[in-house]
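A.B. asks: So the protein lines, in turn, are chains A and B. Position one of the first sequence corresponds to residue 1005 (the numbering used here), numbered consecutively onward. Position one of the second sequence corresponds to residue 2 (the numbering used here), numbered consecutively onward.
Keep in mind that a hint or two might mislead.
To be verified - With a Cα cut of at most 27 Å, we get these calculated DSSO-like pairs of lysine-lysine:
hint, chain 1, residue 1, chain 2, residue 2
1, B, Lys444, A, Lys1014
2, B, Lys101, A, Lys1091
3, B, Lys262, B, Lys358
4, B, Lys111, B, Lys441
5, B, Lys343, B, Lys444
6, B, Lys101, B, Lys153
7, B, Lys464, B, Lys444
8, B, Lys111, B, Lys373
9, B, Lys258, A, Lys1014
10, B, Lys327, B, Lys153
11, B, Lys358, B, Lys373
12, B, Lys153, A, Lys1091
As the list claims (entries may be wrong) - If you anchor each label on the Cβ, the simulated ranges turn out as follows:
hint, chain 1, residue 1, chain 2, residue 2, range
13, A, Gly1087, B, Asp152, 48 to 54 Å
14, B, Pro223, A, Phe1036, 52 to 58 Å
15, A, Phe1036, B, Pro159, 35 to 41 Å
16, A, Val1095, B, Gln354, 43 to 49 Å
17, A, Glu1183, B, Phe446, 24 to 30 Å
18, A, Arg1013, B, Glu36, 57 to 63 Å
19, A, Gln1040, B, Lys97, 55 to 61 Å
20, A, Ser1105, B, Thr64, 27 to 33 Å
21, B, Lys97, A, Arg1013, 29 to 35 Å
22, A, Asn1037, B, Pro223, 52 to 58 Å
23, B, Arg400, A, Ala1103, 36 to 42 Å
Because the hints were derived from the structure by calculation, they are not lab data. Glycine is no exception: its CB is placed at the ideal position from the N, C-alpha and C atoms.
So the chains spell out like this:
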Amino acid sequence: MANICRASRKDFRNAVVAARDAHDGWAGRSAFNRGQILYRMGEMLESRRQAFVDTLVETAGYDSGAAVAEVDAAIDRLVYYAGWTDKFAQVFGSINPVASSHFDFSVPEPSGVVAAFCPQSAPLLGLVSCMAPIIVPGNTVILLVENDAPTLALDLAEVLDTSDLPGGVVNILTGSREELRGHVGGHRDVDAILSVGASTEERTILEREGAESVTRMEFRSDRSPTEWRADESQSPYWIVPFVEVKTTWHPVGR
Amino acid sequence: MSELEAAPDTARELLFGDEWEYAPAPQSADHVRLEDRYGAFVDGAFRDTDEYFPSINPATEETIAEVGLADEQTVDDAVLAARTAYESHWRDLPGKERAKYLYRIGRMIKEKSREFAVLESMDGGKPIRESRDMDIPLVAAHFFHYAGWADKLEYALPGPGRPRSLGVCGQIIPWNFPLLMAAWKLAPALATGNTVVLKPAETTPLTALKLAEVIQEAGLPPGVVNIVQGAGGVGSALVEHPEVDKIAFTGSTEVGKHIQKQLAGSQKRLTLELGGKGANIVFEDAPIDQAVEGIVDGIYFNQGHVCCAGSRLLVQESVAEEVTQKLRDRIATLRVGHPLDKNTDIGAINSQQQLEKIRRLVDIGEQEGADKFQPECDLPENGFWFPPTFFTNVTQSHRIAQEEIFGPVLSVSTFRTPEEAVERANNTEYGLASGIWSDKGSKLFSISQALKSGVVWGNTYNKFDPASPFGGYKESGFGREGGVHGLLPYLELPSQSWQPQTPTNGSPSTKPASSTSAGASPEPKADDT
């Protein structure tokens, strides 16, 4: 049907450079603006709803009911996380009542550049469910996709491209997970890694290589498309692993 | 008035030199009750070990007590005692009951605070002024703070579903704040319903053993806290023990990376509080005299044995000369000497090994061409000592600007613009703490935002509080200790523990799990119920 890119180590390194370049700009946008852009992504996906349904049916073997459900859930998920952008810091930050005469507060900030191994299951929704929470607080991301319907990832890239999302914030590589994981774990400019459905072997490689630069690691179970659609598969706790809490102190006095 | 104005600059300097002799003001150590020898604290009792090692006073090099070296069997017993205590009652004990134990421990530490402070200074070398006024009060405060959380955990983390405790925590702590680090580790772990095997550092084992006595006296159920002593090998045995669910480590970045590697693929939870090379940034609009005090607090506090020390001073070019001159004058007044003297500002270096490391890096600093300043200082003959030191003309590539020295050694460099200050401050693998000195609020907040560090002190430095989260960016580690954020590393959230309920065959596209995608249903852990 189509020839799909098989990303190499070099492609991954280029993607990290692009993600790093885009990071400060994205993190520097107002949280409200990031929310608008995520919402816009949802709108753009909705505008191409039928095309995505057809692709799911044709390339991933979905029946039309399941395909409609997955596309609609993906749109809803973008809207869900769009709303978190300017609320996350309020819910997960704190004012700290210290005993001394200081004003002391903690805010979550983005970890930086995140690499995400996306699930095999739910080729559209799984991708969106990994991507959206990572970019909410201002991270940039490289999505690594290996599934039966990789063209969906590329269709999603077209949606992102028309959604006011700055270039470099989301980078998508299709290719062999097994081939890339050692390089991903060992890349010193990757601040955090999400891996959905990692085998014990993959987990071991990522953690061992990542330890060289104290990379943050988050592992999640893959799940069926039905389970990906469920509310249990979206939560601000998908954002939490990709933030750093910064605490600032200042004396109070006259 | 005119005379004052005309007076030369030197008249305003505080050049005490030999002119002001301080009478000795020793803190009595009579009320410290110590055994000659302590075993391992396992399952609520001290037990003998095959081998013992001495814990020495770094100010005198005399042995204070002997401490039992935990062998593999002891570590195993400690972990199993913690496992049994966890499963038999501690995890199911109502939060308000756990809270009572923690309040009691906090209260008892307060009652014995003088004894703890003196012993901490004897065993670790820190000035009594610091152990008495900072370490021990914060230790008690930590237990009080987290005691109050034990029955309020459903309010700690937003969202539906109750968080669960993890199980047995292996906690490995450093020698720079021995009892305080024990409190930072124990209090949140116990409040959240976990049990603990704690490994203190081998040069500062004693206050943790006194804490074990308090724990006994407080009636904490046996096995909830176990303490095993020794060096890296003991820590390693704890890290690798299959019945440990979580490791919390505070120490060097090198060892932290090693632990992260050791745990690869193990599914154990991990938090790391590692090294730092904190930038203390002084802008030209800063209150200079306060800033100089902050610089001194930042690097000479606790002999510089502080992971968040402000060990890199970045000073704006226009005020660099004034700041370094004032710093020179100020550190000439610092009193280096016996830790138990109440007038001492800088105590003993913690160990011979650490002293050698400091000397080596200071030599390298000189070889690489930075200019060293040290005030005249009479150092005692016995013990391990290093005078307060700073280097000027330090460039970013100098090893003293990049490596954590963990001693009373400051590197000073200058910058011209705020952008350059941020660039330099962030130019390190570490990201634990920074300081900003400026009278301009908007600048302070914008610089704070730009710094990649977990703690930012604005117009202050080295402040700590149990309610305030502490922890690093980048290679300074991950996870936070203190405040509500300090609970998270000891709890499992419903979304983390979520497992697929149906086999992943909901989509016709899903292939049967191959050998590389077995992660869809990881094996449940032993304590999953």
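A.B. asks: Hints broken by the structure, by number, lowest first?
C.D. replies: Numbers 1, 2, 4, 5, 8, 10, 13, 15, 17, 19, 20, 21 - these are the hints that the structure violates, sorted from lowest upward.
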